[in-house]
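J.: This is what each chain is made of:
There are 2 protein chains.
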Amino acid sequence: MKTLQSIKARTGEAFGAPLPASTEAQVDAAAEAAAATFGDWSASAGSVRAALLRGLASALEADREALVPLADEETALGPVRLNGELDRTAFQLRRFADMAERGDAFKFTDDPAVAGGPPVGHPAMVRVRVPLGPVAMFSASNFPFAFSVLGGDTASALAAGCPVVIKAHSGHLHLSNRVFGLIQQVLKAQGLPAGLIGMIQGGGSDVGVRLVQHPAIAAGAFTGSTRGGAALQAVANARPRPIPFYGELGSVNPVVALPGILAARGAELAATLAGSISLGCGQFCTSPGVIVLLKDAASDAFVTQLQSALAAQMPHAMLTPAMRIAFDAGVAHMIKAGVTTLLHEDGSAEAPRPFLAEVSAREFIAKTALHDEVFGPASLIVRAEHVAQALDVLRAVGGSLTVSLWGVETESAEARQLVRHATQIAGRVLFAGVPTGVAVTAAQQHGGPWPSSTQPMTTSVGDAAMDRFLRPVALQDAPAWLLHRQGQAC
Amino acid sequence: MKTLQSIKARTGEAFGAPLPASTEAQVDAAAEAAAATFGDWSASAGSVRAALLRGLASALEADREALVPLADEETALGPVRLNGELDRTAFQLRRFADMAERGDAFKFTDDPAVAGGPPVGHPAMVRVRVPLGPVAMFSASNFPFAFSVLGGDTASALAAGCPVVIKAHSGHLHLSNRVFGLIQQVLKAQGLPAGLIGMIQGGGSDVGVRLVQHPAIAAGAFTGSTRGGAALQAVANARPRPIPFYGELGSVNPVVALPGILAARGAELAATLAGSISLGCGQFCTSPGVIVLLKDAASDAFVTQLQSALAAQMPHAMLTPAMRIAFDAGVAHMIKAGVTTLLHEDGSAEAPRPFLAEVSAREFIAKTALHDEVFGPASLIVRAEHVAQALDVLRAVGGSLTVSLWGVETESAEARQLVRHATQIAGRVLFAGVPTGVAVTAAQQHGGPWPSSTQPMTTSVGDAAMDRFLRPVALQDAPAWLLHRQGQAC
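Protein sequences appear in the order of chains P and F.
Quick note on my numbering: the first sequence kicks off at 2 and runs consecutively.
Quick note on my numbering: the second sequence kicks off at 2 and runs consecutively.
Any given hint might turn out to be false.
Identical copies look the same in the list; a pair holds intra-copy or inter-copy alike.
Here are the simulated SDA-like pairs of lysine to any residue, each with C-alpha atoms no more than 20 Å apart in a straight line [as the list claims (entries may be wrong)]:
id, residue 1, residue 2
1, K108, A443
2, K108, D468
3, K9, L484
4, K368, R242
5, K337, T369
6, K368, G399
7, K368, P241
8, K296, A268
9, K3, G17
10, K368, R240
11, K3, P124
12, K3, P19
13, K108, R421
14, K9, H175
15, K368, M2
FYI, nobody ran anything at the bench for these hints, they're computed from the structure.
Let the sequences and hints guide you as you build the complete structure.
T.: See below:
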């Protein structure tokens, strides 16, 4: 029997007893159990879905005193952050509960018959949406609550009427198991089948691949590395019947800061940016990895300010030993590519020190090795000759969850160009503040062109996340009994 | 220089002079010319887009006397059908013009700031949509107007703010060239750049592959065979930066007919169904390829009625010699798989005779060779022991553009099961009439699970077709000048 060993993130020591990895039979059983619940769950009322999501939120909150220390031991993210993340996760569950109760999943377009021949005349059409089926949900390491077992993917899939099979992240196994225990209690208390939310665990890619390949699985949702997500997407595409795979992958999140705002508020912005770069030890998908500056005195001063502010940051241990190793490798990769190092101190075996380097826009654009995300507290200053070259830098980045534009408060041709280029490569464009921190709200878009996500038209955060699991269907000349059921699943 | 030869569909003779295939340099030039127009077109007003689309519709109508005979020579679809299709194409262009003018592409979600810390508090967010960029559009053979040069993909992409590079279908080269000439006149008359709508042509897959691989191309739209679409989708996925690829592929379009309605209206339904199976020589993506019947006297009578009605049909020549050959191969494939032949007469070298066969549900489910679409006037009756087995047949089909359910006017557990299973595999579920004929309207959904489309959440017909080319972007703390521009591209 394969086993999995949890690790204390702060020390690298073993944490708790080894846990069994899921067998192939267990993976299949979880997918099949989810499929067995699909008919009833897809036909469930919004109030039933809302009650489950609210029950799960309350269960998380009620067990906070146990969950947060467990999460802290396995991730080193600290109790302040983890308590906040638990709040956010409960908030998110309740937000999707409200949407389910309001009937957002059951909204439809009524398109009455028009008499006469085509193209003007047409039969009566009603456009509804139907849940896809069981969703394979891959937890992320860096948000052990909000993008894990009961995170946004699970919440939005359940709200849409889809069962979920969770692949637990091996970076927080005991936390995942404890949350899964809560889930089972809530399902039982509400008279819902245990298979509606299943969980599997494994160390390598084998159990996840088997899950995505299972014929009963109708969609995948993933948050994690570009390599891991691309591999699973390829598996989803290679199925006899390919399925949608929603992967939220790597992102360098460029920040473009113009001289005017840096001259006025450089020190303050440097402090804010340094905090964002090192927040959570840089282990955010929205961590700002590229800072685009022009070549002028205000930008020069800002580089010095940022360097000092970043040197004062004390990043905590990384989530896993593998990530710590990958961070050093990523930094070495950048140095090898010829960047000028500005800040590069030795860290501990668990916690790295922030890394800052600089390169010309010309070199950045030419060296694709510099376009990859380095997961951790590293950032690269890219110096452009002028705004037109900054646009080329954005074009070279290609796809990103966010772009931040600092200093375009006034309309100008350059400001319009920056906005146009930023919106062309990113899912979210910020005009103030830093990209870390993703609001769970109606207008959020967390997903952009490749490599930031595999399905750039969709979001994994915010109200539209539910749309990923609802497929449109046109009902033509539907009988009266069926139309009476609209506003409710069939 | 490679050349392409158009063929008279009715006789197989050469039609007109050979035409040059696009060179690699010409493919690249078309993509680059489209990219050069993207900035301005993505920022164009709805009224400008509407004027172009209406100008194109009028140009098609004004040239009808030349276009229809040309199309008829190359496709054998006949003037009645082709005039109707031209009307539909103009209607569709004007419908997207109206949407562009109404500002549908510029609608946004305003999400004002909420004071306080997260998760409740959040910055001001505005969710807009931005055009993807130049679209590679692959014409279909079977709709030389409506799914070709100025078809729904081109119309919806232009309305969304995307330039288009058309890959002309080699089945109607002269028609494509003539329509492209009209486009160039309209662009010139409206002072728009020639590169906004480009066109390339080629006989094999080489020019299409090069187009999809071009870095300037931001999305693909395709209507055609499963094999061709899957190959191009693989190319889109294998790019250094994968792009969305909207392929509308093969579909068997099951019709489930229950005994009650067949007892009451069998003869009439058989005549309607026979017309649908042989309409356009069965060359419709919505042609009913599988007829699911139960084992009872009314169904037996219906089989005889359908057989007679189908024997009386006189399908015209197929679109191309290759399709004629593929039809015979598909029929032979079915026979080899062990179906019982009910109607199988020799056709001419150009026009096939309708083919009808029967198989048990058990055999159909077991033999995946029978689940593939046979493009042309062929249909397979699948006899199920009971409704539960009919559900298994739908599950075996897996993904289809349409399912038709005849005889579920009254609510029952079986009716609900049929609806649930039909909506799970199809993009459109009909409760009367036949699946051929796809209304261009608000609630239409022309796209379903694999293999019927590569992106089952999207439609290639109807108002939502435009959504394929608009990507959501959240603007966080956007400055006032930018918000004033909302309702219009930046």
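J.: Take the hints in turn and mark each one as holding or not.
T.: The hints, checked one at a time:
{"no.": "1", "hint": "K108 to A443", "in the structure": "both (16 Å within a copy, 14 Å between copies)"}
{"no.": "2", "hint": "K108 to D468", "in the structure": "both (11 Å within a copy, 17 Å between copies)"}
{"no.": "3", "hint": "K9 to L484", "in the structure": "neither (55 Å within a copy, 48 Å between copies)"}
{"no.": "4", "hint": "K368 to R242", "in the structure": "between (38 Å within a copy, 16 Å between copies)"}
{"no.": "5", "hint": "K337 to T369", "in the structure": "within (13 Å within a copy, 53 Å between copies)"}
{"no.": "6", "hint": "K368 to G399", "in the structure": "within (13 Å within a copy, 45 Å between copies)"}
{"no.": "7", "hint": "K368 to P241", "in the structure": "between (38 Å within a copy, 15 Å between copies)"}
{"no.": "8", "hint": "K296 to A268", "in the structure": "within (18 Å within a copy, 81 Å between copies)"}
{"no.": "9", "hint": "K3 to G17", "in the structure": "within (16 Å within a copy, 69 Å between copies)"}
{"no.": "10", "hint": "K368 to R240", "in the structure": "between (35 Å within a copy, 18 Å between copies)"}
{"no.": "11", "hint": "K3 to P124", "in the structure": "neither (58 Å within a copy, 47 Å between copies)"}
{"no.": "12", "hint": "K3 to P19", "in the structure": "within (10 Å within a copy, 66 Å between copies)"}
{"no.": "13", "hint": "K108 to R421", "in the structure": "between (33 Å within a copy, 17 Å between copies)"}
{"no.": "14", "hint": "K9 to H175", "in the structure": "within (11 Å within a copy, 70 Å between copies)"}
{"no.": "15", "hint": "K368 to M2", "in the structure": "neither (45 Å within a copy, 37 Å between copies)"}
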